[in-house]
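Trainee: What follows is each chain in one-letter form.
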Amino acid sequence: MILEIKDASFGYSKRTVLRNISFKVVSGEFFCLLGPNGVGKTTLFKSILGFIDVKGGEITLDGENIRKWSKPRLAKAIGYVPQAHTPPFPYTVLDVILMGRMAHLGLFSSPSRGDVKIAEESLETLSISYLKHMIYTEISGGERQMVLIARAITQKPQLLILDEPTSNLDYGNQVRVLLQIKKLSDEGIGVVMTSHFPNHAFLCSSKVALLNKNGFEVGTTEDLITEANMRDTYGINVKIAKFVDDQGVDIRSCVPLAN
Amino acid sequence: MIKHNAVTADARPKVKARKSGLVLVILFLVLIVIFLWSFTVGRFAVPLPELLTVFFRKMFGLPATWSDTTETVLFNIRIPRIIVALIIGAALSASGAAYQGLFRNPMVSPDILGASAGAGFGAAMAILMSAGAITIQLAAFAFGIIAVMLTYLISRMIGKNNNSVLILVLTGMVVSSLFSAFISLAKYTADPNNKLPEIAYWLMGGLTSITSKNVMLMLVPFVIGIVPILLLRYKLNALAFGEEEAQALGVDTKKIRFVYIICATLLTASSVAAGGMIGWVGLVIPHLARMLVGPNLKYMLPASVLLGGAYLLLIDDISRTFFTVEIPLSILTAIVGAPFFIYLLVKGRNSWT
Numbered sequence: 001m002i003l004e005i006k007d008a009s010f011g012y013s014k015r016t017v018l019r020n021i022s023f024k025v026v027s028g029e030f031f032c033l034l035g036p037n038g039v040g041k042t043t044l045f046k047s048i049l050g051f052i053d054v055k056g057g058e059i060t061l062d063g064e065n066i067r068k069w070s071k072p073r074l075a076k077a078i079g080y081v082p083q084a085h086t087p088p089f090p091y092t093v094l095d096v097i098l099m100g101r102m103a104h105l106g107l108f109s110s111p112s113r114g115d116v117k118i119a120e121e122s123l124e125t126l127s128i129s130y131l132k133h134m135i136y137t138e139i140s141g142g143e144r145q146m147v148l149i150a151r152a153i154t155q156k157p158q159l160l161i162l163d164e165p166t167s168n169l170d171y172g173n174q175v176r177v178l179l180q181i182k183k184l185s186d187e188g189i190g191v192v193m194t195s196h197f198p199n200h201a202f203l204c205s206s207k208v209a210l211l212n213k214n215g216f217e218v219g220t221t222e223d224l225i226t227e228a229n230m231r232d233t234y235g236i237n238v239k240i241a242k243f244v245d246d247q248g249v250d251i252r253s254c255v256p257l258a259n
Numbered sequence: 001m002i003k004h005n006a007v008t009a010d011a012r013p014k015v016k017a018r019k020s021g022l023v024l025v026i027l028f029l030v031l032i033v034i035f036l037w038s039f040t041v042g043r044f045a046v047p048l049p050e051l052l053t054v055f056f057r058k059m060f061g062l063p064a065t066w067s068d069t070t071e072t073v074l075f076n077i078r079i080p081r082i083i084v085a086l087i088i089g090a091a092l093s094a095s096g097a098a099y100q101g102l103f104r105n106p107m108v109s110p111d112i113l114g115a116s117a118g119a120g121f122g123a124a125m126a127i128l129m130s131a132g133a134i135t136i137q138l139a140a141f142a143f144g145i146i147a148v149m150l151t152y153l154i155s156r157m158i159g160k161n162n163n164s165v166l167i168l169v170l171t172g173m174v175v176s177s178l179f180s181a182f183i184s185l186a187k188y189t190a191d192p193n194n195k196l197p198e199i200a201y202w203l204m205g206g207l208t209s210i211t212s213k214n215v216m217l218m219l220v221p222f223v224i225g226i227v228p229i230l231l232l233r234y235k236l237n238a239l240a241f242g243e244e245e246a247q248a249l250g251v252d253t254k255k256i257r258f259v260y261i262i263c264a265t266l267l268t269a270s271s272v273a274a275g276g277m278i279g280w281v282g283l284v285i286p287h288l289a290r291m292l293v294g295p296n297l298k299y300m301l302p303a304s305v306l307l308g309g310a311y312l313l314l315i316d317d318i319s320r321t322f323f324t325v326e327i328p329l330s331i332l333t334a335i336v337g338a339p340f341f342i343y344l345l346v347k348g349r350n351s352w353t
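Residue numbers (UniProt numbering), protein chains in the order written: chain A, 1 to 259; chain B, 1 to 353.
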């Protein structure tokens, strides 16, 4: 599946937040969106997910404009992992994950045994089967984030959109969640993710989009996450360090400087 | 890949796989028992054997072996009243459960968008004009619908195309208090010797004057309202996670919300029109249902319907048997509902189980 943003502008009724954005994501690609707060990352996501209409240009999936797609059809193509939050009712984890099947169900139906099986597979894929019968509102933030990813893959989409999936997670959970998402992308799902940390892009991204007041640029992680670009984007000085890990693979890290 | 050591992971609460289907069957049986028991209590009680005789002989067209009084009491008073109590309880609980899901708020009750206040005003106006029982019911129903339409249209105007839930609820509060003011105005201008008490009694809720005509009048909006609410109920679950997440799960939230508001309004307005302002049922019963079968609306909504019907029927039985004078229903539902709600607050705190 190919998601293509063609010369699109994004925004709300009176305000245009982003102009002339073009990029392309294909299945299996890991696409990381970096940019400071308030630059319009969330607006961009909302438009791709069909919550708000684009103000110009178009968004296509396999060449078809998504504007005319029904909600269930769109949901079968694109899964969404929001930032974990607490719903007002104490659903079980299984209840929450089964909601990923909603787009595949008829208007009046509820999940069948087959759907439960798919949900259980997602739990296993993410190694969180032990959460199955727990109450979603009572598990930890990291676990909730994993459950939301499980719900999104239960949806069986070809593209996954993740809005800062690692915010509010401790260091270990951040890395575990990212590696899990990388695994999904290696298995053929296209991933679009926002993050506040360039190191997250180094860890798992093949492609990066840099969004700042100078505009919008797409390229490989190595080309775009440079000391100059980070200064332009975030207004801070960083050092990009290069090492070789124990397996002899080149790795990079972005380290902020105190001066 | 999030690993926990076994001790902490296992120490946390797990929900045993709920036997929600079984709970629904039990609730249905409880409802049947209360239904049959309702015939055997109060003035002109009809014992169970006689009741069954009447039903069977009627069914097969056999000649009557019972008195005319029994026939009149049973078919003109008792059966209509029992059915209306069941329907009102079920309707208020279903719309309460639907609204709590729709507005993502366990504190919401069916009158949130102004249906009750509007219906109360319609009834007060009809009483002022010395209308009959049927006209009062019709006027109450019509104004209940009008009040919610007003809420909906104003919130659309304010919210432009965002149609935010918060704006809808706030507008509902405004419209509610506006119609409450109109009710007070109607009471203020009413003749204190006959009209004022009539309005006051009507507002307190009761099924004393229910006849078979009232049943017919509320059966149609009940069926039109409850069927979509039950059919679409699984999809409503997604709304608990918010508008956008629900859309990303493939639910057309605008359509679902519109259908639910219309249906819940039909149920609430027709209930208030037939039985007056009966509070607490639509707030408390969904919580009780959630305690028994969990928050999944697949089970929770049917459980609310069954519990609500049984509960209001029981309350109405108490109202007409325990005291020499009938106690208005809203008084009883508040006396039972308020302490129960406190119990829920103490027990559930943040979890709302």
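Just so you know, the hints here were simulated from the structure itself, not pulled from any lab data.
By construction, the Cβ of each residue, glycine as well, lies at the ideal position given by its N, Cα and C atoms.
Take the hints with a grain of salt, since some may be wrong.
[Unchecked claim] Taking CB as the label site, the calculated pair distances span:
1. B:Leu29 x A:Ser129: 34 to 44 Å
2. B:Ile158 x A:Arg19: 50 to 60 Å
3. A:Glu124 x B:Phe322: 49 to 59 Å
4. A:Glu187 x B:Tyr343: 47 to 57 Å
Trainee: May I ask you to test the hint 34 to 44 Å on the CB atoms belonging to B:Leu29 and A:Ser129?
Mentor: This hint holds: roughly 36 Å between Cβ atoms.
Trainee: Taking 49 to 59 Å as the hint, is the beta-carbon distance of A:Glu124 and B:Phe322 inside that range?
Mentor: For B:Phe322 against A:Glu124, whose Cβ atoms are near 57 Å apart, the range 49 to 59 Å holds.
Trainee: Cβ-Cβ distance between A:Glu187 and B:Tyr343: within 47 to 57 Å?
Mentor: 50 Å, holds
Trainee: Using the beta carbons of B:Ile158 and A:Arg19, state whether their distance is inside 50 to 60 Å or not.
Mentor: With a Cβ separation near 30 Å, B:Ile158 and A:Arg19 fall outside 50 to 60 Å, so the hint is violated.
Hint compliance for this structure: hint 2 is the single one not met.
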